[in-house]
Amino acid sequence: MSESLRERLARLRREDERASPPPASSVRERLARRAARVPVAIPPERLVQEGTVLARRTAAERHGGLVLCDALSADRALLAREARDERIADLDPAHALYLDTETTGLSGGSGTYVWLVGLGAFEAGRFEVWQGFLPEPAQEQALLAHVAERIRAAAYVVSFFGKSFDRHRLEDKMRMHGIEPPFAEKPHLDLYWPLRRRYRGHFGDCRLRTLESQLCGVEREDDLPGSFAPAAWFDFLHGRPHRLEGVFQHNLDDVKSLVTLLAHLGRELPSPSAPRASSEETLP
Amino acid sequence: MRALQSEARWRTRFERWQVVPPRVARVEPFPEGIDPRLVAMCRARGMSELYEHQARFVRAALAGEDVLVATPTASGKTLCYTLPVLQRLLQTQGRARSLFLFPTKALGQDQSAVLTQEVEQLGEDWHACTYDGDTPPSVRRTLRDRGHLVLTNPWMLHAGILPNHAKWSELFRDLAFVVIDEVHTLSGVFGSSVANVLRRLVRIARHYGSNPRFLLCSATLSEPGAHAERLVGRPVRVISEDASPSGMRTFGVYNPPLLNAVAGLRSSALEEARELARKLCGPGHQTIFFCQRRTAVEVLTRYLKEAAPALGLAPEEIRGYRGGYLPDLRREIEVGLRTGKVKVVVSTNALELGIDIGALDVAVLVGYPGSQASFWQRAGRVGRRQKPSLAVLIARSDPVDQYLAHHPEQLFGTPQEKLGLDPDNLVILSEQLKCAAFELPFRADADGEIGSDAGFGRARDAAAVLDYLAEESRFLTKREGTWWWMADAYPAQDVNLGGEDPDNVLVLDASTKKAIGEIDRAASITTVHQGAIYQVEGETWKIETFDHKNRRAYARAVESDYFTEAEVDVDVRVLRLEERAARDRTQPEPDGGTAEDWSIWRGEVHVTTLATQYKKIRFYTRENVGAEDIHLPAEELDSEAFVLTLSEPSAADLGLMGGDRGAAWRGLGMLLRRVAPLVLSCQPRDLGLSTQVRSPHFRKPAIFLYDAVQGGVGLSEILFRSHRELLGAALEVIVRCACTHGCPACVGPLEEVGALGKETARRLLEHLLAGPTLAPRELAGDANSQAETAENAEAPA
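Line by line, the protein sequences are chains A and B.
Positions in the first sequence are counted from 1; adding 911 to them yields the working numbering.
Positions in the second sequence are counted from 1; adding 198 to them yields the working numbering.
Isolated chain B, as found in the complex (with noise of 0.2 Å):
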């Protein structure tokens, strides 16, 4: 490290060294009424106190509170909520169950070792057991009658004990506790998938007479209270100041060197990676490297091995980690890690959440991982034990890394981004409402409405929803105030956790019919289009025929030396505005009065996305070597929006005219798509995209990010909430460029948004940064109804 620090090469890459001090723990005694056993297991295994926050939080959860804990990885976040699980087990001498909830299954097997070995420490005739696919049915039928701890995921939650609950009964009457860990990774779709589960989950305990308390753990978060809230349906006790004890860690950002500072290209973060490894590899101390993609992985777990010699290592000490490695495989590089035989491992994010490899002390970061949880939890890797650790982020050459490797503090202070998650999406409720209409019928209030239900009484439009699918669905049927499940089907097996379309398109091997992939209704169209070329782990593939309809596409294997890209036209419709806030311009108007500058809306869209041609661009030159057209039909989505828009005559003082500007206002839409990570934990694929230079809904310049997703998971209202953090974002980003005219890591290059793109840009964010906050502002009754007039009034044109 020191190396780093002062050798000329390096010194100038790093943007910011942080250094956090060493810190001492701050410890309480065990609360009163622990039982002894459970004292007598924490002290051997050298825990002879708690750390304050997992006093607290045992504490609250033995007062029967829901509680969230929210704390970085290492920090004891497992005994928090082991202790009273445990504890409550002793009390009432084996009655108390509990379910944990894990969100992965490779996370769920980790933790049922550690479990049973606590258990059967008790000396009891007790048993944490993993239900999951892999748990044969021989075992299951035990695991229902006796499984005091039972250790699962949403999905077999969802498909498998929620339908069968009358089998868990005896889980179910004395539940005491659901578990659920790492809550940050339950947002968007699959989050709000699981808020529902949990719904039914309520419903059911209440059924066979138990009300069980939550228990949750979390990276640390923005509002973690508030996102606990939703997921759960009710308010929660949030512990989040980490008492535990650290080494000195040590962070540094590096920044790729430019080489082209017009074009603002910079070297590819994975070979940096690869130049670093020979200073932050060796033989005395273990490394991981974190990879976005998993080919990254492989390629650099290949270089890696190469370089071993140079790095004084055997290649074996060398080792790469995914998904989609066999168990037993991971299992051997699991202990390989723990017991210290491996010294360097390449990974994804598949070793970020806590699966136990032990403390390691270097971790590199090979781009930002997309949300400050993720990033917290993979520098978490490293200084678990009082020793001094080094983090590094290897900034790629795109705006939320370059603006994270010129503003580092926001690494390192409070978390900005925000979680979406809206479990009254209708689309999802919809079909969680059929799945817990099976389970359980639903009885109307005298009002109605389901109010009472103890899972879904909060949700918004319930009662509704029931009444559709009894009336437009043959699953359902109202008799006496009571929606009855009749049908012979078994709803949760078509049901989707993780995406709202359960008609995904399978991509399939022309010649043996097999599935070699699967995309989402929305990207298919411009992905698996006749002649695309489609890649799986390095392998390319070229569509030979997408039957769109059956949702199949047939590919066949080739060796292409180009990938392919398509072109959407994307038509956004405002079907209905909810919210909005304005600016008035500066200057009054002739008449005295005030006139519109700028407003920011939030509302719902319809949007039809067409596939338009695709180009053939060859790999490592990105030479364009030719055009074809697409003919498939249009892809709509019904969802949510945040829109900004710009009066006319503010967008004449700003130079948003002229032949350039629809190129200038696009750049900027674009922008701000790609540092929305920096304010909501998304993917830039999650938001979609349409700039129009006169909105025929608004009559003006308009800039619309969308929710890709069917109904929408609430990202929309997150950008409108903190549309000025966005905007300030994106400002920082273009001033900090060191492009000349536009480049990837900003607006986009120059081909794209003109010469005058990345100034226009500029000058726009600058004006809608200055002066005071947006009002809120009353949307006129009429808004909706004079838009519906406007647009008609384009319609001929």
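Only chain A is shown next, with the shape it has when bound in the complex (with noise of 0.2 Å):
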């Protein structure tokens, strides 16, 4: 573009009072940051391109001290009490996919992207975590599509919060792509409101972290936030030092969890003392 327009627009914009302060640090600084940069830059490991999708599939047994298989022998009738959706009574937790997104950001709209997607499933009594990842958001239509085929393939959805959050997210970029949205008749188990039934007003909040440690003893080392979850995509897509590790560890923990606490809330357990009648809610 001509320098002129250039310049014409930074005036105009009156870019220079938009706050941007110049570069704390040295030129020098910054060219060895910049050769620094190339070694992290790299997509995390054991990502396998399956098909049109690059994935990372991860087994796991346990989740802090349980065991995840006590989800199938959870009670059926209870979980669809609890869950008030009677399809869920003649479902069997093994065909269920336990789901949960990281996106670039909570205010929606179509500029958010869902860039990793953790679709948990038991495999002939064995779990398994499939990150699905977006490294180029060109690719974003595969990756959905993708998604798309597994989420209608399972007898129902496991999720926390997914029925308010998620399930949005992912809806609107399919719609967005053409892509028939899976949920509209699927059978959901959004975790967080029968819990937060059981439990409102015992710990505090009823946030999946609260949950899983008062609940199941699960207690994480290093997890990173995932509010962090924007920045690290989009310094990954710039080429930067990223810290996407910790956000599929914390995605992959995260399922996990769901899986403890369906198991838990599938257990008669003595009906915890009388919630008290506080209404302040905070989200998870």
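Mixed in with the good hints there might be a few duds.
Derived, one-sided and incomplete: chain B residues facing chain A with beta-carbon distance under 7 Å [claimed, not checked]:
no., residue
1, 212
2, 233
3, 234
4, 289
5, 358
6, 361
7, 367
8, 624
9, 625
10, 662
11, 682
12, 683
13, 688
14, 794
15, 836
So the derived label-pair ranges between C-beta atoms look like this [as the list claims (entries may be wrong)]:
no., chain 1, residue 1, chain 2, residue 2, range
16, B, 526, A, 1049, 19 to 27 Å
17, A, 1142, B, 692, 16 to 24 Å
18, A, 1097, B, 319, 32 to 40 Å
19, B, 223, A, 1075, 52 to 60 Å
20, A, 1075, B, 245, 46 to 54 Å
21, B, 312, A, 1046, 19 to 27 Å
22, B, 491, A, 916, 38 to 46 Å
No wet-lab data here; the hints were simulated from the structure.
Backbone N, C-alpha and C fix where the C-beta goes; we use that ideal spot for every residue, glycine too.
Taking the hints as your guide, dock the two standalone chains into a single complex.
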């Protein structure tokens, strides 16, 4: 572009006043960082090209002190009652798909990318988490098409707050790419609501992190909070040092927590002491 | 009315009566193929045929054309667009959807009631729904999936619908029509922003496979086709012959009596409205008053209520109406007007647009509303039925009103003023491209441009702006020929359609920190500087501190008996000249060649405005009770200007010399600025003015009229093209003005323009208007650089 248009734009947009402080570091420092950036900007390890999608598969047996397979013996009738969805009574937790996504923001809208989709499933009694990764925005359609097929094939979906968040991010993006979203008739057990009904007022809040620690004794080490997800992916795309590995681990742990929390919900427990009538809510 | 025409006291004050004889309708049968259910629906409402303009519109719309109907109020424009929309809905068994945009929320809700009823009559499970800030979240979902006709406004489309287009994919997949009502209100910054929102809309629709047609409605406009094409980005068929019937209509232009002929002072229009009310209000008919300001509405309403017995009315038959009233109250007044219970209503422009209040009998416009379109919208509030009606315009003592008082034919003739609209304004375009990139990535064509983009393909410099945003902002990334949105943000939230500047200044109550007002950046240094008296709804607030950096002013309520007026120094620097037209002097030069007489120019300028001091002026007496300095940084603006320059020899010939010449030259500039609303649809404050007796750039006298919006929205270009009309109107005002040495109704008061100011300005205008029109001049390649040198040469001085 011509230099003059650039100058005009900068001038007209008053870019100089829009708080862009000059770089604090010296040119030498920045050059050094650029040189150091190359090795860290490579994709996380163990990613495998599966057809049109880049993904990582991780087998898991335990989460915290719990055995994931416990979920397979959850009381289906109880789950259905807790979830207030009759259909779940007839469905086998072994055929459920445990879903958690990482996105570029919480505000939603078409410009938000779902760049990591964690899908956990039991196969022959063994639990495996498939993490589909978006290495380029242009490959969004391929990833979403694959995810849509997997969800369509599952008996039902298990998530935490997914009815309000993950489902909509995926649906929006699928519609945008002309992919029929698989959620409409699919039973969806969003663990947040039944757990909140059971434990509201017990632990301060009903976040996933709180519940997995209180109910399942899961304590994560070095967890990278989900709020770092957008920056991690942007850094990766721009070839800067990034923290994708941390987000992959976080997402993997979230999916495993879905299994342990389902197992917890599907076990008859002595009914907890009467919940306090607190209406103070913090969303997860 | 007869009394007004006969009684001596009133007769002389009416400058003109214009009678439009009753007109018979020109009708046509319903176009072939219109669904019998629609014909039946129209018949049930007493419409057995269509007016010609309606029939033409419906045929064009159903043939797949983009159409605009630009006819007066009450000519049946709503039916123009509802018929094709419903016909297509029926034809496709409910598949073809439509989106309606109304410039105000109230109008959207009003139309929604009508459309809902019509759709229900069709007996299908189809829905017309309003989507605006009041729509409850629980309803929104149903509306997205099942709303066949969605009524909304530009703000919701911009910030709610387009950024979430996937949720609206059902609508976009089968979007047949986009209806936009009152497109004459879409000008300036707002209109230029909306034009870009429509580019985004077209892009999204195309993404989902639809290619909607635009159905547009407008008041009578000058060059309606050109305006519509700039707005929607493609040629539009224009239908502007009104074939609807009307009763006899009488218009009167009333000029208040001169109180002081030498000073040119006339009695206030509001006072005169009170007087006229005694003749124009009564139990047997309905009267509407239009005021320019909200406070005027309150004052006049109170007076009329007090005078109710004398008018033969009960106080509750007289109502005020303006934005800021609660919706329920407004609905109640609207119903009262429709049923005839309310006999008199005093309103701001809130009742100017198509809110249904039925047909009234008498309209009184207290002051010219600033544009012919508004004038006709207001006057069109009366005489809808086939019965006689009366509209009276009360002129104020400002140049435009006075010009029209003497040239009422301009009111009744074809519209003159043009609408400024520039969708390619770089500031607006770059902000809107951000929003668009969030919605869908932009793909570059083989040549690196985005010419094949359905929405922004015709936008000037769009690819270059995207490159700029990708490199300079952290929002966009360009990868393999595609610009992707790449940020954790929701840009539409931060992009304002109404103003280019997200940094408007908030005026806060210093004790509660609650906002009491908002003011645009440019005006802030003269209205909310420390010590300024800030007025809201008749209350006075004193500004205690102005946090210029953080754009906040803190005020405390006071009982002030004075208001403040700030003075500014304006410096205009020419950045780039783009166009010129000039005339040569008639006398040949000594060497036999010709020399320049005067020129007009158009180009980019940089404006520096420094507030210097403010005066405290007592209310009513206008007595000056003190002055203080203002200490604020200068305000910088990059914009486009129209420039008038006069060569030094011509200036000398015309007497523009000596001590008073600066004042006289300035008087001319003031006048041009104030009559500008006659040639372009704007308020005088939309234009900035700077007069230079010896411009550093041109090295001769220059008057700059610049667009007071960052980047400009095309006003200077209209002034350049219409300069002759502008100068002509200015001369008329001077010649007609009763004052001796200048007054606020022409060049400005004697104290400002000097003893010879008015006379000099008149001579200048006569000279500029004599002789042939200007010839376009090639801008010498070095015109800009040469000027640069001139500027440098002046710098040390």
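Okay, the hints, checked on the actual structure:
no., hint, in the structure
1, 212, "violated (49 Å)"
2, 233, "violated (32 Å)"
3, 234, "violated (37 Å)"
4, 289, "violated (25 Å)"
5, 358, "violated (10 Å)"
6, 361, "holds (4 Å)"
7, 367, "holds (4 Å)"
8, 624, "holds (5 Å)"
9, 625, "holds (5 Å)"
10, 662, "holds (4 Å)"
11, 682, "holds (5 Å)"
12, 683, "holds (4 Å)"
13, 688, "holds (4 Å)"
14, 794, "violated (28 Å)"
15, 836, "holds (5 Å)"
16, 526/B / 1049/A: 19 to 27 Å, "violated (52 Å)"
17, 1142/A / 692/B: 16 to 24 Å, "holds (19 Å)"
18, 1097/A / 319/B: 32 to 40 Å, "holds (39 Å)"
19, 223/B / 1075/A: 52 to 60 Å, "holds (56 Å)"
20, 1075/A / 245/B: 46 to 54 Å, "holds (49 Å)"
21, 312/B / 1046/A: 19 to 27 Å, "violated (53 Å)"
22, 491/B / 916/A: 38 to 46 Å, "holds (41 Å)"
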